[in-house]
Amino acid sequence: MLIDLSKCVGCEACTVNCQAEWQLEPEEQFTKVHRYETGKFPQVKGGVVPTQCFHCHQPPCVEVCPTGASYKRPDGIVAIDEDKCIGCCYCLSACPYGARCFDSSRRIVRKCYFCYPRIEQGKEPACVNTCMAGARTFGDVDDPTSAISKAIKETKAVPIRGTSIFYVPSPHLDRSFLPPDLKEPGFVRWWKGVIQPGGKAVMAAAAGAVVVSLAINTINKGGGTGGDADARK
Amino acid sequence: MWQPKLSRRRFLKAGAITGALAVGSSLLRQPVGGLAEAAGGVSGSGLATLPAAVAGSEKVIPSLCEMCSAKCGILAYVREGRVVKIEGNPKDPQAAGKLCARGSAGMKTLYDPDRLKSPMKRVGEGKFDPISWDQAFQEIGPKLKELKLQYGPQTLVWAAHPELPAPLEQRFMAAFGSPNYTGHAPTCYSSRSVAYQATYGGVPGVDYQNVRYYIAPGRNLLGGIKNPEVRKIVAARKAGAKIVVLDPRMSELAMWADEWLPIRPGTDGAFMLALMHVIIKEKLYDAEFVAAKTVGFDQLAAKVQEYSPEWAEKITDIPAATITRIARELAQARPAAAVDPCWHAAFGSQYYNSVQGGRAAACLNALLGNLGAKGGLILGSPLKLGDPTGVMGPEPPKPTAPRWDGAGGKEWPLAKGLGMIQTLPLRILEGKPYPIKALIVSHLNPIRSCPDSGKFIQALKQLELVVTIDIQMNDTAYHSHYVLPESTYLERFDPVMAVGPTIVLRQPAVAPLFNTKPEEEIIAGLAQAAGIGQYFNFTLEQYNNALLAPFGITQEQLKAQGQIKVNQKPTAPEPGEESKEFKTPSGKIELASQAIASAGGSPVPVWEPPLVKPQGDKLRLIQGHVPMHTHNTTQNNAYLHALMPENELWIHTQVAARLGIRDGDLVEVTSEVGKVRIKAKVTEAIHPEAVFMAHGFGCSSPYLTRTYNRGASGAALIPILVAPLSGAAAQCETLVTVRKVG
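Those protein sequence lines, which keep their order, are chains A and B. The numbering of the first sequence is the numbering used here, which starts it at 1 and goes up by one. The numbering of the second sequence is the numbering used here, which starts it at 234 and goes up by one.
Bear in mind the hints are in silico, worked out from the structure with no lab data behind them. Just so you know, these numbers come straight off a predicted model, no measurement behind them. Errors might be hidden in some of the hints.
Restricting the straight-line Cα-Cα distance to at most 25 Å, the calculated cross-link-like pairs of lysine to aspartate or glutamate (DMTMM-like) are [stated by the list, open to error]:
hint	chain 1	residue 1	chain 2	residue 2
1	B	Lys292	A	Glu120
2	A	Lys123	B	Asp620
3	A	Lys45	B	Asp491
4	B	Lys471	A	Glu124
5	B	Lys475	A	Glu37
6	B	Lys471	A	Glu154
7	B	Lys350	A	Glu124
8	A	Lys7	B	Asp491
9	B	Lys912	A	Asp83
10	B	Lys475	A	Glu27
11	B	Lys475	A	Asp140
12	A	Lys40	B	Glu492
13	A	Lys40	B	Glu543
14	A	Lys156	B	Glu521
15	A	Lys40	B	Asp491
16	A	Lys45	B	Glu313
17	B	Lys292	A	Glu27
18	A	Lys40	B	Glu922
19	A	Lys7	B	Glu492
20	B	Lys471	A	Glu27
21	A	Lys123	B	Glu313
22	A	Lys153	A	Asp140
23	B	Lys914	A	Asp174
24	B	Lys324	A	Glu120
25	B	Lys973	A	Glu37
26	B	Lys914	A	Glu124
27	A	Lys40	B	Glu546
28	A	Lys45	B	Glu291
29	B	Lys465	A	Glu124
30	A	Lys7	B	Glu562
31	B	Lys471	A	Glu120
32	B	Lys324	A	Glu124
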């Protein structure tokens, strides 16, 4: 998917239309819109950056999933077999983009599926379909004749390396405001090797670790108002 | 891990932690029966839940959105009797298959457990009993008759945000004999309308699709979102248009635009005058257009000599060089160049000087020769629907009493048709010019949309009868004697309307879930009980068929597609109007306006400073819309509430530091009429003299459980003012102090 930030108006229609499409709880959002401001009055600039599942080429979420519920389809879409999900939330913490959400009523993890049931019916994903700004383009990047391949070429879109998402940066924000390229965080490998083979007692400890890591992330968030992409990994 | 640099969603992070904690205690999760079903899902597909708009066995109903007033065509997907998804109708020119966040969230309004489910009668402070419709009509009708007998028919006021059934509301008032039907114009667009009416004889729109240079004086196309306008302005910018935003705050549009000019609040008129100064001095205007279509150029040119960019810099805080550059760029792009007439914004209703500012913008547009040009302004001639009087029964007599607010009278000739709703509490409390004892409110919540909530509530308590027609127990309903529940837009028909050359129909996607009625039935029930039933012996279908008659279609035929494009020849000019190109006294665009002059204003636009001046710790309160909510109507919608549960007070970093306020602190905001508490958003993105609060929060009705008491309402702080010429409420002429309380 290509998201053109020179067009995106930050209206959040994508967020809600997706929620409606997947009948999500209000707190569950497969796609989110982040807002930024930078500079000193009166020289202030700002912009919006929508994010969602990046459908990584080698998804950390799939690697850590203990039940195989998270999987990568042959077409590249990262999906979740919701019947297999036990709600352990490893994936939620392993996701470098914060793209997954916990469905508290069903106690499973869910995320953007690129609306593949719609695609299979020849429709566009809900977020693309509803976008007033026409900021989103979806398609097969391996097909050089597809609309998205042409759009990537025309707009000189920035690929988020290791993922399936491209952005046209906002004219007001530099590359550092875009999500970083995928680099598997070290703790994911550690988790996969150390925690997953263990029994349920170990899993409980891991769940505790998830809580701690999320709490740390939340606390850290307060300071992240600038700097380069690496500083935020 | 990548983290957003600045996100309004800390609450989501907190939610994730809570979720993870819940997991810790439920690792040995047992399958929970019925959950997939409860979520509307289908099991056994490799995914537990299928998305809404692809699963089989569904109906798709074309209709018309009402999550805001833009009137986008929608497709409602209905499965097993439930609306599961709403999408934009690709065949509808307003929607073009797209829908904003609010439109997409429509079914959460339909299925909101806090909805009104039956008529309610007040039985004590904040206490209501459900009653039958019969009881409601049989108690309200005789009371109306009694009050009419005692005080005359003018004792009844009907206050509305005029929606599709507005002509029926107006007919009710005419039949009752009262001149006092009043809309929301003074809190929205009165000054803009007066300015453009005086200059052009009508209010033009902007050709957003083709504009090459666009200036938005406070207009926030991306905050007060209208789907068709957003699509067009995005396309225009992609095609190379330059978008310039004048706004004391970095609004959504300002953030996205090519250039944001953080102007001192209330000084947009000075900026416009200085642009004209440069354009006339450097002869950059369309001389041919000016000579052919306008009157008063010499007077205007003489006046704007005073208003140099250097003069304007001192007033607006925008450097003189920037003003000169913008003037040249704007003129260079003409006629595909436009200054937005605005709705709310700088020239809508917000400042005491909005009419003069709006007039300056209207004259500036005329100098650009952009009227009727591709990429300029458009004076539309709306499609003329059929005449329904044939099916409606007798014509009501003209009311004899004057309006309570004097709109259209000797003192306020230009406020005709706009009214001065903000003065209603004062007139009720004073009993002048005559006793007002009864109020019907529909599609409106004046306690939070009009100034001085405290005064409004005080006035409502003086009334003998207050009836609110709405889909939810809003603040005004909460202070009413009777609350009559209207069916939501997904459950009812409405009068058809024309959008450009297209006629659109609102029709039910599902039958009413509760004991609610469409408004025409509520009006007819009230009329019958109030002794004026003879004016309402027709059905909505008969009424719609009369409106559709010139096009050879019926409501029944319109149901399948929900909209139809029709052809209509331009109508002949009204008698006496043949020689007039513009509906102004001179028949031309009036750079010097006779109408303004005869109402006591300067015939050419002049600089008038705003009414109040921020000084020391007194800051100017400004307000505006956000993309995920509409006025004060959507805050209880579950999806939209999750996106933005409360508003914040934007305050400049240095001002906040001086007052010891940090981002996220709870602050108390105090004005001469009230005080509220709200969280502070400390930001560089606002003029230091202003604080900003998004409109629509601070609900005081506990019946709306999600939004009750979340955020704050600017209406509690704004004093009741009446701006010159237009009678607008001038809401941004409010000074406040801010102090940290938590």
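Verify the proposed pairing of Lys475(B) with Glu37(A), using a straight-line Cα cut of 25 Å.
Holds, because 21 Å separates the two Cα atoms, which is no more than 25 Å.
Is the Cα-Cα distance between Lys153(A) and Asp140(A) 25 Å or less?
It holds: about 13 Å lies between the C-alpha atoms, which stays within 25 Å.
Pairwise hint evaluation, Glu124(A) against Lys350(B), where the allowed Cα distance is 25 Å at most
Outside the cut-off at roughly 37 Å; violated.
Restraint check for Lys40(A) with Glu492(B), where alpha carbons must lie at most 25 Å apart
At roughly 15 Å apart (the allowed maximum being 25 Å), Glu492(B) and Lys40(A) satisfy the hint.
When you check the alpha-carbon spacing of Lys465(B) and Glu124(A), does it fall within 25 Å?
Cα-Cα ~21 Å, so holds.
Has the given pair, Lys912(B) with Asp83(A), been kept, meaning a C-alpha gap of at most 25 Å?
violated, 42 Å
Between the alpha carbons of Lys7(A) and Asp491(B), is the straight-line distance 25 Å or under?
holds, 12 Å
Against the 25 Å threshold, does the CA-CA distance of Lys471(B) and Glu27(A) hold or violate the hint?
violated, 34 Å
Holds or violated: Lys475(B) to Asp140(A), with C-alpha atoms at most 25 Å apart:
Between Lys475(B) and Asp140(A) the Cα gap is close to 33 Å, so the pair fails against 25 Å, i.e. violated.
Need the status of pair Lys123(A), Asp620(B): alpha-carbon distance at most 25 Å?
Roughly 42 Å separates the two Cα atoms, so the pair is violated.
Compare the distance between the alpha carbons of Lys324(B) and Glu120(A) with 25 Å, and conclude whether the hinted pair is satisfied.
holds, 23 Å
For a C-alpha distance cap of 25 Å, please report whether Lys471(B) and Glu120(A) respect it.
Given that 25 Å is the threshold and the Cα spacing comes to 31 Å, the pair is violated.
Of the numbered hints stated above, those contradicted by the structure are hints 2, 7, 9, 10, 11, 14, 16, 17, 20, 26, 28 and 31, listed in ascending order.
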